[in-house]
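Listed here are the chains, written in short residue letters.
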Amino acid sequence: MAITSNEFKQVLIDGLKLEDMSVDDIDDANALFGDEGLGLDSVDSIELVLIIEKEYGVKINNPEKYNEIFASITNLLTYINENIK
Amino acid sequence: MTIHLEILQSAYLMGEQTIENLNTKELVPTMVFRRRLTQASKLVIELMHRIHFNDNRIMFGTAYGELEATSKILNAIVHSSGISPTDFQNSVYNTAVSYSSILHHNEHEIMTISSGDETSEKLLKLGAIKALDGDEIVLVATETMNIENINQINHCVEYLE
Amino acid sequence: MKISNKAYITSFECVSCAGDNQEELFDAICEKKETITLNTTYVPETTVAIGEIVSPLSFDELLRQTCQRVLTQSHLKDFSNTLLVVGSSVGGMRQTEAHFFHDKSYKNINYKEHPIDAIAYQLKQIWTFYDDISFSTACTSSANALGYAKEVIEKGIYENVLVVGVDSLCHTTVCGFRALSVLSSTPCTPFEKNRLGMNVAEAIAVLLIQREKQANAIEICGVGYSSDAHHMTQPHPEGLGAKKAMQQALGNAKLSIEDIDYINAHGTGTLANDSAELNAIASVFQEHQPYVSSTKSITGHTLGAAGAIEAIIASMCLQKGVVPPSKDIKELENEKIRISNSLIKKPLNYVMSNSFAFGGNNTCLIFGKTV
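Residue numbers (our numbering), protein chains in the order written: chain R, 1 to 85; chain G, 1001 to 1161; chain E, 2001 to 2371.
Simulated from the structure, these hints should not be mistaken for lab results. Careful, some of the hints might be misleading.
[As the list claims (entries may be wrong)] Derived DMTMM-like pairs (lysine to aspartate or glutamate); straight-line CA-CA distance at most 20 Å: (1) E/K2104 <-> G/E1068; (2) E/K2155 <-> G/E1136; (3) E/K2107 <-> G/E1158; (4) E/K2107 <-> G/E1148; (5) G/K1130 <-> E/E2159; (6) R/K85 <-> R/E53.
Just chain R, same shape as in the assembly (with noise of 0.2 Å):
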């Protein structure tokens, strides 16, 4: 079954530890990272790749894909969805 957008804005909030922040303030085609986004920055990659393992057993291994893939919450959505098993 795909997960869904606000399943995943919530796993998202709760693994980066955003406070404060519900799934209704996160924009799906936003930017997640740098001062224009949301504000993540590099160790916040680091630690999406570690939850995303984790909680959809989906390991992200190509790192040139990854200004893509890390773009926004659809994008990743699009990737988790893709290779959920």
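Position chains G and E relative to chain R; hints supplied.
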């Protein structure tokens, strides 16, 4: 050698279990920065605010450092679960003053010492020697021992923070 | 009256993955020996490259012996008139891990043998020191210890300072750096464009700093400190904090960029550090380029001990008139930097040594030959 020092400002915080009612949210409005702060980091930020000094040289002392981050790493190793990179970056003894330096864009010399039960005393000596240079220096020490199972090893310390 | 004594390194000893003493270490550097080994016991299901000391003696015994060798070499009868300054980032963590992994509880951990102070605590069981203090600023710990030694001698507060830079390998650091994705599974290649990361290593580096000059002494001419105020683990990409520390050190030593013959860089082999550091060096040393190399290709990254072991290397470069070779860099990260893959023999006057740490802590030391 005798060195005479003048104390310009001072502040302290203590808690038997934990120190509550910190103004961290106000002092650190950026959430993505605030969420990573260790308790010791929050204490340093609070204390620096109370004494109104945040762009000076800082000398920091802590006997046991970041016990929470350290214990999370050790437990992760024992249970073969992934170590959080945030926990590792938060486990160095100079974590608390480093966060303060980033928050306040403080590019000065910042030192951290750790000398067991004599940490505070040696921090004062260090500060005195540094103060011979003529500038105003912040001396700050923290201890944050309120971690799960600390009672397995702590049999005498009453104030955990 | 302002006291301004000079601080001299008069004897030193070290143990590392490159050998039982500093002569073996220096030979390993000059001959580009293979000193980094592969290990599969620290990180589950993963091979990592580390710098492990090979010795039948325990780490504690090696520490004791290294300090004893320095004492024996010196003119001191004992350490009663010596300040002990330790620089360490792990302290007694290895013993703590042994207890905790076995018991799954803290109950048998000796609180005096866990923290950074564990090193001083151990040494004070053997010798009486005038006083002691321990610095713990991650990878600048022993560089800061050396800077402090210079300061207290300069200010006429102590006459003798024993600087002990020490970090043992432990699961926390190896697994921790792995968690940050900066570990390499092969020996590190600092400043190589396609570098893969760092090698965690262990070392014991002990130096005696004195007010009184001895033959062949090396002077600690200058020290510079700064904070990046940028990020906990990423250096400022342009190396602004590193630049500031280098400039402060030059100012403190009353030297100019033309005086520096060689820079022993922090050069860990990580993508972030090496590019930031080279940017900083290129920015400071514009009209004059000293040789630059990182000896971490031989010692590995000894964390809290790095500043001290690299001070020993810098001292030996000055004493022997040798610029150590880089370990066969094929494609240099920054073309503005002067490196040599061959050993260069020439008289050196001043060597700069950089150390940078988590939290953006930067320390730069300058060492000088005495006549």
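Item to complete: Take the C-alpha atoms of E/K2107 and G/E1158, compute the straight-line distance between them, and say whether it is at most 20 Å.
Response: Roughly 18 Å between the alpha carbons, so the hint for E/K2107 and G/E1158 holds.
Worksheet item: Given the hinted pair E/K2107 and G/E1148, is their alpha-carbon gap at most 20 Å?
Response: The given pair, whose Cα atoms are some 13 Å apart, holds under the 20 Å limit.
Practice prompt. With a cut-off of 20 Å on the C-alpha distance, tell me whether R/K85 and R/E53 pass.
Written response: 12 Å, holds
Worksheet entry | Hinted pair E/K2104 and G/E1068, Cα distance within 20 Å | 16 Å, holds
Item to complete: Assess, step by step, whether the Cα of G/K1130 is no farther than 20 Å from the Cα of E/E2159, and give holds or violated.
Response: Distance ~17 Å between G/K1130 and E/E2159 Cα, so the pair holds.
Discussion item. Need the status of pair E/K2155, G/E1136: alpha-carbon distance at most 20 Å?
Written reply: Distance of about 18 Å is within 20 Å: holds.
The structure is consistent with each of the numbered hints, conforming to all of them.
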